[in-house]
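Each chain, written out:
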Amino acid sequence: MARKRTKASAAGASVTTVVVMRLYIAGTAPNSVKAVANLQAICGRYLKDGYKLEIVDVCEDPRRALADGVLVTPSLAKVAPKPAAKVIGNLSDTRSVLAALGLPAGQIE
Amino acid sequence: MSPGLLPPVRSSSELTAEAAFKDWVHRIVKEAAELQAFAAGQIDAVMDPATRTAILLPEAQAALQDSSGLALSALDSLPGEVCVLDAAGMVVMTNRAWRAFVDTRAGVGLGVREGTNFFAACRDAAAPERVHAEAVAAGLREVLAGGRKPFRCNYVCHSAGGRCTFTLTIAGIAPDGAVHAVVTRENICERRRARAARGSRRAQASRIAAVARAGTPNRLLAALPAKEYQRLLPGLEPVKLTYGEVLYEPGEQMRYVYFPSDCVVSLLTVVEGHRALEVGLIGREGVLGARLALGNTASSVRALVQGTGRAVRMKSARFLQEFRRSPALQRALFRFTDALMLQITQTAACNRFHMVEARLARWLLMTRERLPSSEFYLTQEFLADMLGVRRAGVTAAASALQRRKLIRYRRGTITILNQQGLEFAACSCYRHVQLMGPKAAA
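If you read the protein sequences in the order shown, they are chains A and B.
The first sequence runs 1 to 109 under this note's numbering.
The second sequence runs 1001 to 1442 under this note's numbering.
The set of hints was computed from the structure by calculation and includes no laboratory data.
Check before you lean on any hint, since a few could be wrong.
Derived DSBU-like pairs (lysine-lysine); straight-line CA-CA distance at most 35 angstroms [to be verified]:
#1 A:Lys78 - A:Lys34
#2 A:Lys52 - B:Lys1149
#3 B:Lys1227 - A:Lys86
#4 A:Lys34 - B:Lys1315
#5 A:Lys86 - B:Lys1030
#6 B:Lys1240 - B:Lys1227
#7 A:Lys52 - B:Lys1030
#8 A:Lys48 - A:Lys78
#9 A:Lys34 - B:Lys1022
#10 B:Lys1030 - A:Lys82
#11 A:Lys78 - A:Lys52
#12 B:Lys1022 - A:Lys78
#13 B:Lys1030 - A:Lys78
#14 B:Lys1227 - A:Lys34
#15 B:Lys1149 - B:Lys1227
#16 A:Lys82 - B:Lys1022
#17 B:Lys1149 - B:Lys1240
#18 A:Lys34 - A:Lys82
#19 A:Lys82 - A:Lys48
Short, incomplete list of chain B residues facing chain A, as computed with Cβ under 7 angstroms [stated by the list, open to error]:
#20 Leu1035
#21 Ala1039
#22 Val1046
#23 Met1047
#24 Arg1052
#25 Ala1060
#26 Ala1178
#27 Gln1380
#28 Glu1381
#29 Ala1384
A few chain A residues that don't get close to chain B, going by computed Cβ distances all over 10 angstroms [stated by the list, open to error]:
#30 Thr17
#31 Val20
#32 Ile25
#33 Ala37
#34 Cys43
#35 Lys48
#36 Cys59
#37 Pro62
#38 Arg63
#39 Leu66
#40 Leu71
Cβ atoms here follow ideal geometry from the backbone N, Cα and C, with glycine treated the same way.
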């Protein structure tokens, strides 16, 4: 059992790790809508229940975006686990999103 | 969408030239990944640190305006009257139905236009409306203060068109954090009128039901399951059929089907150069127009009322529709059509082989079966047509039956005195039809 656990951790993110993300969007603007849909598809497929996602609408809460150092939207920030990472755009490139989230690209089916 | 509902962003018209806008973006955005996404057209908004707001890119703004247009069109397509108020009670948006109401009843029933204040309209309401208007203003204040439950009340207004009652519902919404109220108005006068109309239709249906069920109902209808009968009721119309009335002529389209209650209708075959001859008799046991169910819309015979009384009728199209969907009605019609065919074939043979006296006795018995009384009005000429003989023949036959004290015949009124004796006097056809008919089958 202990060996197996070591293998799993060696292979990349542990299945029990919860990925915490924050997605900054601009209301229902086209790229923002796409980003939400793309991210939800990726999470549903690769993270199952192992993630927490907060969506921040910069039109409603611009101060929050500025405080977090976000200048352009849509923009995805990985908060946990460390290291922090960021992806800009409508998240249509699944590889770069998985890389930013710390998931190995080899998992892409 | 009105400015009050737009997200707090600077419009792209403020940043006139495209190049100037790009320069502005490059002054703010420095990171390679962000610039790359901007170049790829994957960016919707850029934060302006100076104003601390989000600046929508022209493309994103155009797309949002398109979706706002869609939302407005959707709102306009709603049949109910809708208006949206901002936190101060100013009307910022109305739909087409609301505007139409305001146009027809200006200044009445809180009919406010865009750009005016709803609280002011409540305050300035006419004296008869004031009590309601004050309640509405209080409800609106509560909703705008963040009340979770929608406010709902009835509002009565008096206009040139008369007294009108409607239900006002006020619900709070908070797009982009700013509280707004959505007011919907539903005219309940119209709803009440519709309910009253339904009520009168129901009353008519129960009247028909009373006609059909009371006294001497049509047996075919009465034999239907209650549920199927109830479904037929709205299409049934009570009528009075009078002696001598022709319901169908041969070759004529049958506009109605008739369910006799206490009248008798003869089916006559018209042969060129001869008098019409009766081939069938229909009373409360059946229906006139059953041929429709067999796919024919024109009558093959003349249908002549020979005993005044009541009936209910139904339009042919409706009857066909009901016939297709009701298996019970189909069974009843097939059974009746079978019995009618038996009666017609037996009558054809009877007319050829039997004596007038025996035929008259049979005919009187058949009529008696279909009428509530043993006394009925018939002229000798009419009887001659029924039996296909000369008038003199009818006189002789009627006199013979009268002498045997089976009937009394006086001034066109026939009274059956001895039913059993008449059955003996009748030809075998009467018993044959009774034996082979639906009762025997049952």
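Hints versus structure:
no. : hint                  : result
1   : A:Lys78 - A:Lys34     : holds, 18 angstroms
2   : A:Lys52 - B:Lys1149   : holds, 31 angstroms
3   : B:Lys1227 - A:Lys86   : violated, 69 angstroms
4   : A:Lys34 - B:Lys1315   : violated, 59 angstroms
5   : A:Lys86 - B:Lys1030   : holds, 15 angstroms
6   : B:Lys1240 - B:Lys1227 : holds, 26 angstroms
7   : A:Lys52 - B:Lys1030   : holds, 29 angstroms
8   : A:Lys48 - A:Lys78     : holds, 16 angstroms
9   : A:Lys34 - B:Lys1022   : holds, 23 angstroms
10  : B:Lys1030 - A:Lys82   : holds, 24 angstroms
11  : A:Lys78 - A:Lys52     : holds, 10 angstroms
12  : B:Lys1022 - A:Lys78   : holds, 28 angstroms
13  : B:Lys1030 - A:Lys78   : holds, 20 angstroms
14  : B:Lys1227 - A:Lys34   : violated, 55 angstroms
15  : B:Lys1149 - B:Lys1227 : violated, 43 angstroms
16  : A:Lys82 - B:Lys1022   : holds, 34 angstroms
17  : B:Lys1149 - B:Lys1240 : violated, 59 angstroms
18  : A:Lys34 - A:Lys82     : holds, 26 angstroms
19  : A:Lys82 - A:Lys48     : holds, 20 angstroms
20  : Leu1035               : violated, 9 angstroms
21  : Ala1039               : violated, 10 angstroms
22  : Val1046               : holds, 5 angstroms
23  : Met1047               : holds, 5 angstroms
24  : Arg1052               : holds, 6 angstroms
25  : Ala1060               : holds, 4 angstroms
26  : Ala1178               : violated, 10 angstroms
27  : Gln1380               : violated, 91 angstroms
28  : Glu1381               : violated, 87 angstroms
29  : Ala1384               : violated, 88 angstroms
30  : Thr17                 : holds, 25 angstroms
31  : Val20                 : holds, 21 angstroms
32  : Ile25                 : violated, 7 angstroms
33  : Ala37                 : holds, 14 angstroms
34  : Cys43                 : holds, 19 angstroms
35  : Lys48                 : holds, 27 angstroms
36  : Cys59                 : violated, 3 angstroms
37  : Pro62                 : violated, 5 angstroms
38  : Arg63                 : violated, 6 angstroms
39  : Leu66                 : violated, 6 angstroms
40  : Leu71                 : violated, 5 angstroms
Of the numbered hints stated above, those contradicted by the structure are hints 3, 4, 14, 15, 17, 20, 21, 26, 27, 28, 29, 32, 36, 37, 38, 39 and 40, listed in ascending order.
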